[in-house]
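Novice: Counting in the UniProt record's numbering, the sequence shown runs from 1 upward without gaps.
Since the hints were derived computationally from the structure, they do not count as laboratory data. Take the hints with a grain of salt, since some may be wrong.
[As the list claims (entries may be wrong)] Simulated pairs of lysine-lysine, BS3-like, Cα-Cα distance not exceeding 27 Å:
id	residue 1	residue 2
1	K43	K101
2	K43	K120
3	K38	K101
4	K120	K101
5	K94	K43
6	K20	K43
7	K89	K43
8	K101	K89
9	K19	K38
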Amino acid sequence: MLNLALKSSFLESDFMESKKISVSAKRQITIPIDFYQKLGIEKEVECFLEGDCLIIRAVRPTGGEFATEILEDLISQGYEGNELLERFKEMNKKVRPAVEKLLAEANAAAQNLQGTGDVKMAAIFGKED
1 MLNLALKSSF
11 LESDFMESKK
21 ISVSAKRQIT
31 IPIDFYQKLG
41 IEKEVECFLE
51 GDCLIIRAVR
61 PTGGEFATEI
71 LEDLISQGYE
81 GNELLERFKE
91 MNKKVRPAVE
101 KLLAEANAAA
111 QNLQGTGDVK
121 MAAIFGKED
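Turn these sequences into a full structure, and let the hints guide you.
Specialist: Right, dumping it as structure tokens:
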């Protein structure tokens, strides 16, 4: 049996639903319908390991948050026409993994924080007089 849990958000650890589900001989699971609906799962999920936990998260379509910046950069490099389109598709695919990596690094750094940060700020910038 696999214990599957649904957190109301990654920031709220105090509210969690949990269900035990079976794993088939082919290593397949069925996501309970209420979890499926609450998470807004469409066609894909991503899963990753965190310690001894398997985390399953709905894949959200990217909204092209950096499309303008990517296009400006590619145009400044001289790309145009079909070559511009192909290069844009390649670059756009790299945005989500890069953002997720930054978030994971920020979360890891935040978990290692101790105190308020005042000591480090004073060490860097000096104490206010």
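Novice: Now tell me if each hint is right for this structure.
Specialist: Going down the list of hints, with the structure as the test:
About 23 Å separates the Cα atoms of K43 and K101, which keeps this hinted pair within 27 Å; it holds. At most 27 Å may separate the alpha-carbon atoms for a hinted pair to count; K43 and K120 exceed this at roughly 45 Å. For the given pair, K38 sits about 25 Å from K101 by alpha-carbon distance, which is consistent with the 27 Å threshold. Between the alpha carbons of K120 and K101 the distance comes to roughly 25 Å, so the proposed pair stays at or under 27 Å and holds.
For the proposed pair K94 and K43, the alpha carbon gap of about 20 Å is at most 27 Å, so the pair holds. Taking the CA atoms of K20 and K43, the gap is about 23 Å. The hint holds against a cut of 27 Å. Taking the CA atoms of K89 and K43, the gap is about 20 Å. The hint holds against a cut of 27 Å. For the suggested pair K101 and K89, the alpha carbons sit about 20 Å apart, so the restraint of at most 27 Å is met.
Of the supplied pair hints, the one linking K19 and K38 holds, its CA atoms being roughly 14 Å apart against a limit of 27 Å.
The structure shown violates just one earlier hint, number 2.
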